[in-house]
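Colleague: Residue numbers (the UniProt record's numbering), protein chains in the order written: chain A, 1 to 267; chain B, 1 to 180.
Please note: incorrect hints may appear among the correct ones.
To be verified - Capping the alpha-carbon separation at 20 Å, the derived lysine-lysine pairs in PhoX-like fashion look like this:
{"no.": "1", "chain 1": "A", "residue 1": "Lys79", "chain 2": "B", "residue 2": "Lys14"}
{"no.": "2", "chain 1": "B", "residue 1": "Lys152", "chain 2": "A", "residue 2": "Lys44"}
{"no.": "3", "chain 1": "A", "residue 1": "Lys7", "chain 2": "A", "residue 2": "Lys44"}
{"no.": "4", "chain 1": "B", "residue 1": "Lys133", "chain 2": "B", "residue 2": "Lys115"}
{"no.": "5", "chain 1": "B", "residue 1": "Lys152", "chain 2": "A", "residue 2": "Lys234"}
{"no.": "6", "chain 1": "A", "residue 1": "Lys79", "chain 2": "B", "residue 2": "Lys17"}
{"no.": "7", "chain 1": "B", "residue 1": "Lys14", "chain 2": "A", "residue 2": "Lys44"}
{"no.": "8", "chain 1": "B", "residue 1": "Lys59", "chain 2": "A", "residue 2": "Lys218"}
{"no.": "9", "chain 1": "B", "residue 1": "Lys118", "chain 2": "A", "residue 2": "Lys79"}
{"no.": "10", "chain 1": "A", "residue 1": "Lys218", "chain 2": "B", "residue 2": "Lys17"}
{"no.": "11", "chain 1": "B", "residue 1": "Lys59", "chain 2": "A", "residue 2": "Lys256"}
{"no.": "12", "chain 1": "A", "residue 1": "Lys205", "chain 2": "A", "residue 2": "Lys240"}
{"no.": "13", "chain 1": "A", "residue 1": "Lys7", "chain 2": "B", "residue 2": "Lys69"}
{"no.": "14", "chain 1": "A", "residue 1": "Lys265", "chain 2": "B", "residue 2": "Lys120"}
{"no.": "15", "chain 1": "B", "residue 1": "Lys170", "chain 2": "A", "residue 2": "Lys44"}
{"no.": "16", "chain 1": "A", "residue 1": "Lys44", "chain 2": "B", "residue 2": "Lys69"}
{"no.": "17", "chain 1": "A", "residue 1": "Lys2", "chain 2": "B", "residue 2": "Lys118"}
{"no.": "18", "chain 1": "A", "residue 1": "Lys265", "chain 2": "B", "residue 2": "Lys133"}
{"no.": "19", "chain 1": "B", "residue 1": "Lys69", "chain 2": "A", "residue 2": "Lys234"}
{"no.": "20", "chain 1": "A", "residue 1": "Lys7", "chain 2": "B", "residue 2": "Lys170"}
{"no.": "21", "chain 1": "B", "residue 1": "Lys162", "chain 2": "A", "residue 2": "Lys44"}
{"no.": "22", "chain 1": "A", "residue 1": "Lys79", "chain 2": "B", "residue 2": "Lys59"}
{"no.": "23", "chain 1": "A", "residue 1": "Lys7", "chain 2": "B", "residue 2": "Lys152"}
{"no.": "24", "chain 1": "A", "residue 1": "Lys44", "chain 2": "B", "residue 2": "Lys118"}
{"no.": "25", "chain 1": "B", "residue 1": "Lys133", "chain 2": "A", "residue 2": "Lys7"}
{"no.": "26", "chain 1": "A", "residue 1": "Lys265", "chain 2": "B", "residue 2": "Lys170"}
{"no.": "27", "chain 1": "A", "residue 1": "Lys240", "chain 2": "A", "residue 2": "Lys208"}
{"no.": "28", "chain 1": "B", "residue 1": "Lys115", "chain 2": "A", "residue 2": "Lys34"}
{"no.": "29", "chain 1": "B", "residue 1": "Lys173", "chain 2": "B", "residue 2": "Lys118"}
{"no.": "30", "chain 1": "B", "residue 1": "Lys69", "chain 2": "B", "residue 2": "Lys120"}
{"no.": "31", "chain 1": "A", "residue 1": "Lys256", "chain 2": "B", "residue 2": "Lys170"}
{"no.": "32", "chain 1": "B", "residue 1": "Lys162", "chain 2": "A", "residue 2": "Lys199"}
{"no.": "33", "chain 1": "B", "residue 1": "Lys152", "chain 2": "B", "residue 2": "Lys69"}
Derived from the structure by calculation, the hints contain no laboratory data. In this text, all values refer to a predicted model and were calculated from it rather than measured experimentally.
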Amino acid sequence: MKDRDIKELLIDLIDGNLTDEEKVVLKERIASDKNIQREYEELKEILGTIDEQVEAEPEESLRLDFLDMLESELDELEKALEEPNDSKVKVIGLRLTTPLQIAAAVALLIIGGLAGIWFMKSNTEDAELAIIRKEMEVTKQLVMASLKNQSSASQRIEAVNASYELSQFDDEITDALINTMNHDENTNVRIAAIEALSKFSNEEKVRKALIASLGVQKNPLVQITLINLMVQMKEDRAVKELENLVKDSETIQTVKDEAQMGIIKLS
Amino acid sequence: MEIYSDEQLMVKVKNGKLEMLTPLFDRYHKRLYNFFLKLTFSQDVSKDLVQNVFYRIIKYRKTYNAEYKFKTWMYQLARNIFSDHYRGQKAKFSDYSDVANIQVEDTDAVESIVKREKEKALHEALSRLPQEKREVLILSRFQGLKYDEIGKILNCSEGAVKVKVHRAIKHLKDAYFEIY
């Protein structure tokens, strides 16, 4: 073994990562070579000094500050939950549409059910498959209806989450989700749509829409969700959009930093 | 006794149960504090940065992906926070100069002077390392993370981490024996 290779192994020897055979060879070299012996002793000392280090104890005020911060965040969250997202006018609008929505949902269920029966009767296919298809169809219709309707933010999030039940890629649902991601007025709904879409990130259409959305989103939380997703997907075509984000004077610093990290990770 | 895993707790936080962050704070704040302390050599700054990590965890909770280890995500946030801080600081100071002021917990009265001297030399040597080497060394040797865990945080392979750590140790050793 060359000196350089020996030196490479010294740390492994100290860490106890070598086989017995390697240990014997290395110890022989250490005993016979002054240079290597010195290197070994020095490494042992520095690593020993590191191991002796005791973790410093932070002051108690760190924990108290944390609890303070947590409390004020909890207050804020509570306030946000108490205040309805939509204005009064919308609430009235919602009341008016509710019976319609119920009727639509019931109608869809019946149609779905009938479709299922039709499937069962007319098809020689496996009955189980037909049931799955029927359920998928019903779910799909409900998702589409709620996303298009003037439902409340929480109802729209529910609809987006219902789309998870669809195990297969569906063009219409995808379009509806993309539309929601880019145009829904509520941040949480947009984020939910992004998360739902990420399930189908192996579809080229979805990937392209997600990349393009980087140029559309203005809310930092949504921007960061997208940036992290790009890194997760290892989508290097997003680099250009990320660079635009960094350059844009309207982008807040935290997002710029995330985008910069994203660029580094992707390129 | 840990009833919930880190990931289970974080999912609860993500879903709005912010109070579930307290057990995570209790598990990790000391480690994070020491992580920042070795990077900044300032107790006050380290305290602020730890607080910042947990603040960002709350703010960005929706972006947490439960398929990933909480620890990895937390260290990624911590690194970002440190580089934000470092960039802000760079304009003001050329480098951290108050290494000698770092307070090391020392309750043992008979602890030898030699040990104290060694410790001081170690901190001095650490401060001479470039940031990247210092960071990888802290994660691996001071925070006790495994190579594959560090790889996930830094987004590189386990093998690459090992090479980086070994290089950093050698650099540290050379700096240490110049001082000590």
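Colleague: For the pair supplied as a hint, Lys265 of chain A and Lys170 of chain B, confirm whether the alpha-carbon distance does not exceed 20 Å.
Modeller: Since the Cα atoms of Lys265 of chain A and Lys170 of chain B sit roughly 27 Å apart, the hinted pair is violated (cutoff 20 Å).
Colleague: Holds or violated: Lys79 of chain A and Lys59 of chain B, Cα atoms, limit 20 Å.
Modeller: holds, 16 Å
Colleague: Below or equal to 20 Å on CA atoms is what counts here, so check Lys256 of chain A against Lys170 of chain B.
Modeller: violated, 35 Å
Colleague: Could you grab the alpha-carbon distance between Lys115 of chain B and Lys34 of chain A and see if it respects the 20 Å cut-off?
Modeller: violated, 26 Å
Colleague: Would the hint linking Lys265 of chain A and Lys133 of chain B be met if the CA-CA limit is 20 Å?
Modeller: Between Lys265 of chain A and Lys133 of chain B the Cα gap is close to 18 Å, so the pair holds against 20 Å.
Colleague: Quick one, are Lys152 of chain B and Lys234 of chain A close enough, alpha carbons at most 20 Å?
Modeller: holds, 14 Å
Colleague: When you check the alpha-carbon spacing of Lys7 of chain A and Lys170 of chain B, does it fall within 20 Å?
Modeller: The given pair, whose Cα atoms are some 10 Å apart, holds under the 20 Å limit.
Colleague: Is Lys79 of chain A within 20 Å of Lys14 of chain B, Cα to Cα?
Modeller: Between Lys79 of chain A and Lys14 of chain B the Cα gap is close to 17 Å, so the pair holds against 20 Å.
Colleague: Regarding the pair Lys79 of chain A and Lys17 of chain B, is the alpha-carbon distance no greater than 20 Å?
Modeller: Cα-Cα ~14 Å, so holds.
Colleague: Next pair to validate is Lys7 of chain A with Lys69 of chain B; report whether the Cα-Cα distance is within 20 Å.
Modeller: violated, 34 Å
Colleague: Can you confirm whether the C-alpha distance between Lys205 of chain A and Lys240 of chain A stays at or below 20 Å?
Modeller: holds, 18 Å
Colleague: Between Lys265 of chain A and Lys120 of chain B, is the straight-line Cα distance small enough, at 20 Å or below?
Modeller: violated, 36 Å
Hints 2, 4, 7, 9, 10, 13, 14, 16, 17, 23, 26, 28, 30, 31, 32 from the list above are not met by this structure, while the remaining hints are.
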